[in-house]
Amino acid sequence: MLILRFLARRILLSLPILLGITLLAFIISHLVPSDPIVANLGQRAMSDPTIVAAFRSEWGLDKPLPEQYLSYVGNLLQGNLGKSIKSRRPVIEDLKAFLPATIELALSSILLGILVGVTFGILSAVSRNSWLDHLVRIFSLIGVSVPVFWLALILLFVFYSRLGIVAGPGRLDPSMTAPPLVTGLITVDAILAGQWDVLKNALSHLILPSLVLGSYTTGLIARVTRSSMLDVLGLDYIRAARAKGLSQRAVVMKHALRNAMVPIVTVIGFSLANLLAGTVLTERIFAWQGIGSYAFLASTSLDFQAIMGVSLLIALVFIATNLVVDLLYFALDPRMRTS
Amino acid sequence: MSVDRLRAFKHLSAGIALALLAAACSSATPTAAPATAVPAKATEAPKPTDAPKPTDAPKPTDAPKATEAPKATDAPKPTDAPAANKANTVVIDRAEDTVSLDPDRAFETLTGILHKAIYQTLVTFPADSASEIKPMLAEKWDISKDGKIYTFSLRKDATFSDGAAVTAKDVVFSWNRLINIKGNPSSLAGNIAGVKATGDLTVQLTLTNTDPSILAQLVNTAFGVVNSEAVKKQGGTDAAGADKTDKAEQWLNQHSEGSGPYMLEKWEPKVQTILVRNPKYWGTPPAIERVIFRNVAEAATQKLQLEAGEVDIAMDLTADQVPSLKSNSKVSVFESAGDTVFFLLMNADKTIGGPMSNPKVQQAVRLAIDYEGQKALLGGKASTPASIIPIGFFAAYPEDKALKRDVDGAKKLLADAGFAKGFDIELAYPDFTYSGFNFGTAAQKLQADLADVGIKVTLKGSEVGVWLDGYRQGKLGFCMSLWGPDFRDPGNYLEFLPGKKVGERAMWSNTNSDKTIQDLRDKALVETDPAARAKLFASIQDYLQQNGPFAPVVQSAVQVGLNAGLKGFVYNPQWFVDVSLLSK
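Chains as they are written, first to last, in this note's numbering: chain G, 1 to 339; chain C, 1001 to 1584.
Hints in this document: simulated from the structure, not taken from any laboratory.
Any given hint could turn out to be false.
Said to hold, decoys possible - Below, a list of computed lysine to aspartate or glutamate pairs in the DMTMM-like style, where the Cα atoms sit at most 25 Å apart:
#1 C/Lys1475 with G/Asp35
#2 C/Lys1148 with G/Asp48
#3 C/Lys1244 with G/Glu67
#4 G/Lys83 with C/Glu1268
#5 G/Lys96 with C/Glu1268
#6 C/Lys1244 with G/Asp133
Predicted, not measured: the structure shown is a model, and the values here were computed from it.
Only chain G is shown next, with the shape it has when bound in the complex (with noise of 0.2 Å):
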């Protein structure tokens, strides 16, 4: 029950914080001092006043802003996104195509980065001031620090270009196609489609991309696992469950990691609602056609609609992984179920 209550509570406040969201998008899309005619029409058509005419009513540009956002607001209410101008098609139907590309790179990413992440922060944590204790820290660091552009073409570059042993850019090769549509993850789709040759393919081609937006994750959740573990093994009930003749084993694994996780379910959280709104770069290098490039492109040529609809798919987003983290945290810890 207070779970539900909770949710209940969670869901209805997001509400007015997404409404919060398109009005800040649109009000900052509008005070960029630049107008979607120049960005959109040729310097020819600009000085056509019929041209510009259709464009501004087509576009629904030729209305005072308030109505602007009213009507925004008002189609948003019936579930339309509206029309986004680089596409012409509903900015709906471009999330739909978009987003699945991002959702598969970012999950792969942040699978990498728990396994790895969390595994080496146990490791280090338990032979503290070892040569691997250092060592994980050491790429943790660099994980960390490492620009996305920079790891992303000296891979390609040694790993596609040099030796040949992972599948380059893009999410397919040009000779393959990509199976039946159905949930938009490739490595799904041939899954169901039993293409396993697709399948093989695809996930060569996310391999490169995944360790590079991964990098950054799996640095930091090892940083966190390690220092949030360090924490748990000097506490008392740690010394008591030793003095009991536990393994190390159960010590580490069954009574230290469970009360570790809670900050490193928070951070594992909120890298994944960074994956998914951080992946412009990522994407540009390997011509991953996902959400990062079309928030780009929305943005660099004053596309308010796809803006707007962009906006609040990331507000969704982190407004989802942080109600996915608290019940989480309900799971992990007893104590917040009674208070």
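Keeping the supplied structure of chain G fixed, place chain C upon it in accordance with the hints.
What follows is chain C alone, placed relative to chain G:
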């Protein structure tokens, strides 16, 4: 993070630059170019020895007859589709800027390439330049004495991809639809008063004002001919109000209704666009069955894919990537002059331009620029145009006629103008990179050049939109700008003359300009005879080298990476690459 963001901005500017990359012309080096007013013949243009001869300028006599049409065996089988046969497929990396694939709505650089292969125009350019007008769907045309009525006779054997003949009513439908949809490309049709079919195969085009460059504008695929019956079936209309009532766009985004050598197989927005050979093409069938354009925005990525042999053409390389590709035997690089000219504007209104409004100062600035230095900054095949008209255009002067730096001459002119000790001035420019040209870097170089003659320049870079407002309204006294042609004809550059669009931005009008240039302008606006036009444009260029509020700084370069196994690549400033000429 700040580095990331900085880099993101660099990518952004590079992305915009590449996406908008204006076309380049067949270049002529100083030594190779003829020193006459005749358009620079593309002496350096690639000579693909085994490339199929350009079929886009077919003479009626050598045109393949309808009966020679490709046999059924040449037709692509639908079952071939999934696993692309490498020898039969060309993969091209290109930043995708497509908004629509409806030829009457599209006006982007990639759609220019795609529609060149899908839709055909009545007239065209030679394969490798924009130096003359050649027939295509029209066999011949007559121009009325006043230059306002063009009568085109269409060839009899041209057919659409469904086998229907291309007739005058298709041309009328296509052009009226272009005009009435009022989209971006309709700006090219602003001067058209009417178009009608005067026979099954004759089209009469009437202009509001005489416009000698109309044929060069008709080369644009916005004037490509669509199959009117097929488009009408999909809700298309050419009637007034088509901007609201035409419903064919979605269909045309996934299907094509043209008479060109290729058809649109599929467009996955922002991912890829696939063209497939038109089995019923009326001309010589192209060698390549399928052409895939992949959206790869990042130049570094394009280079890596080219080196890995995964793509055949990388279209958005930057000049600094070229040296490292030259040592690679699997790759060749095509380099040519681009057609964007970067220039200085010196406002002719004294209250705005101050000392820059003085004609002697204006000439001193033209002599003070270190043209070679600016070329070196831009790299590749950057060149110095002789005037505002880019090298490679009809009647444009070649590079060896360009002004040379003359510091002493500039100093003398400044002294004559009463500025022996020089003066202080602010140089406004947009803070971005276009076609590899970084305005900030170029401005610093100009600052140093002008300091050598005593002009102390303060740099004022600003956000593009902000700068553009001041520039368009003629409020800037001294600024740097660029001009990419709307269409490939020197007539487009008459805008720089007194009272015209760019002239007005420099407050150069009929009241503060002399009669020589006004007369030249008025004649060039209406003269349709090519020889007489060439003479007029020669005089205009001579005049602008000595007078006027503009100083050309440098002309852009273009570089295209090619897989060494690819044959038949020919660069054209209008459509960049004609994929129907490619082979492997």
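Hint check results:
{"no.": "1", "hint": "C/Lys1475 with G/Asp35", "verdict": "holds (18 Å)"}
{"no.": "2", "hint": "C/Lys1148 with G/Asp48", "verdict": "holds (21 Å)"}
{"no.": "3", "hint": "C/Lys1244 with G/Glu67", "verdict": "holds (22 Å)"}
{"no.": "4", "hint": "G/Lys83 with C/Glu1268", "verdict": "holds (17 Å)"}
{"no.": "5", "hint": "G/Lys96 with C/Glu1268", "verdict": "holds (13 Å)"}
{"no.": "6", "hint": "C/Lys1244 with G/Asp133", "verdict": "violated (67 Å)"}
Hint 6 from the list above is the single one not met by this structure.
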